[in-house]
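There are 2 protein chains.
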Amino acid sequence: MTIVRLEAKRLTPESFAPFGQVVEIADHAPVMINEGNTERFDSLGHVECTGVNGKAVINIFRAQPRVLPMRITMVERHPFGSQSFQPLSGESYLVLVADAVEQPSPEQLHLFISSPDQGVNYKANTWHHPLLALNKVCDFLVVDRKGEGDNCEEYFFCDQIEIIIDAVPSEEA
Amino acid sequence: MTIVRLEAKRLTPESFAPFGQVVEIADHAPVMINEGNTERFDSLGHVECTGVNGKAVINIFRAQPRVLPMRITMVERHPFGSQSFQPLSGESYLVLVADAVEQPSPEQLHLFISSPDQGVNYKANTWHHPLLALNKVCDFLVVDRKGEGDNCEEYFFCDQIEIIIDAVPSEEA
Chain A
1 MTIVRLEAKR LTPESFAPFG QVVEIADHAP VMINEGNTER FDSLGHVECT
51 GVNGKAVINI FRAQPRVLPM RITMVERHPF GSQSFQPLSG ESYLVLVADA
101 VEQPSPEQLH LFISSPDQGV NYKANTWHHP LLALNKVCDF LVVDRKGEGD
151 NCEEYFFCDQ IEIIIDAVPS EEA
Chain B
1 MTIVRLEAKR LTPESFAPFG QVVEIADHAP VMINEGNTER FDSLGHVECT
51 GVNGKAVINI FRAQPRVLPM RITMVERHPF GSQSFQPLSG ESYLVLVADA
101 VEQPSPEQLH LFISSPDQGV NYKANTWHHP LLALNKVCDF LVVDRKGEGD
151 NCEEYFFCDQ IEIIIDAVPS EEA
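Just so you know, the protein sequences line up as chains A and B, in that order. Counted from 1, the first sequence has number 41 at position 41 by our numbering; the numbering is strictly sequential. Counted from 1, the second sequence has number 91 at position 91 by our numbering; the numbering is strictly sequential.
Hints listed in this document are in silico derivations from the structure and should not be mistaken for laboratory results. It cannot be assumed that every hint is accurate.
Same chains, same label: a pair holds when it works inside one copy or across any pair of copies.
[Said to hold, decoys possible] The list that follows gives simulated cross-link-like pairs (lysine-lysine, DSSO-like), each with its CA atoms no further than 30 Å apart:
| no. | residue 1 | residue 2 |
| --- | --- | --- |
| 1 | 9 | 136 |
| 2 | 123 | 146 |
| 3 | 9 | 123 |
| 4 | 123 | 55 |
| 5 | 146 | 55 |
Just chain A, with the same shape it has in the complex:
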């Protein structure tokens, strides 16, 4: 049995760029609207929506917190649309993605830890793990695609490799 331990890095727009967008104000410059009453931080995330009768929808996901250490057995991807997650519960969460190959190896996984006000928007067809909430039950606003066709592919890692997420340092989670 081979054991691979994943280390979480701080989520940044640069490190996440191959996989999608980080949806946060950060150092973006706003456009002033509504007679100066509102700053618009524009187009932080790009909604992709293709395939037969594809439409974007807004959902809420309520996620149970994960117990670490945990074993990672699979990732999934959505060929016909992006999928965004915006935290609504004031907690950090883990973001696990993989390089854009057909069968990612454990070395092609990338683990990030968010801040409580960072959302992510996965580009269409980006391998990612299902929600990895921490600390408590957490709600997320989710924008993704509904429509015809099989929009969810799963990839399961070889049984002989144990991929582990250890506890996240407490100052980060």
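Fit chain B to the known structure of chain A by using the hints.
Just chain B, lined up with the frame of chain A:
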């Protein structure tokens, strides 16, 4: 000078239905996903996106709190797309919409007060007032449409009518 005072009603899916969707968990039944780790409250909001090169984008709006009483002078609408607002700052806010006529009268305005976890998604071409945050500077996740064409129409009420939002009862805001 005629004075019209608007009274805020509690935001509910039923009362808001002519104008769009209330994006909240409320009593919706979830679909279990992610091997039982996540409840998906599906398609709470429907993203509309038409017109030349229309694409949906995810933005953050940072709104100054309004000082009540305030005078309402206009509403706006977006013919080519829906526009959703999800509160990220844990505060209630006001939602002011108007009936689907070309030139709404003050009697055709409808004022709602949200709870801190209710989002709204305005249907395309629904008259609404720009963001009416309360109490403090508030961030909202906004999903709307970018693309070609004039996607913002404004309607200004007659100067001779003073439309006023009075203070919202403290137990509601």
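Hints and how they fare:
{"no.": "1", "hint": "9 / 136", "result": "within (21 Å within a copy, 33 Å between copies)"}
{"no.": "2", "hint": "123 / 146", "result": "both (15 Å within a copy, 18 Å between copies)"}
{"no.": "3", "hint": "9 / 123", "result": "within (20 Å within a copy, 39 Å between copies)"}
{"no.": "4", "hint": "123 / 55", "result": "both (16 Å within a copy, 14 Å between copies)"}
{"no.": "5", "hint": "146 / 55", "result": "both (5 Å within a copy, 15 Å between copies)"}
Taken one by one, the earlier hints all hold for this structure without exception.
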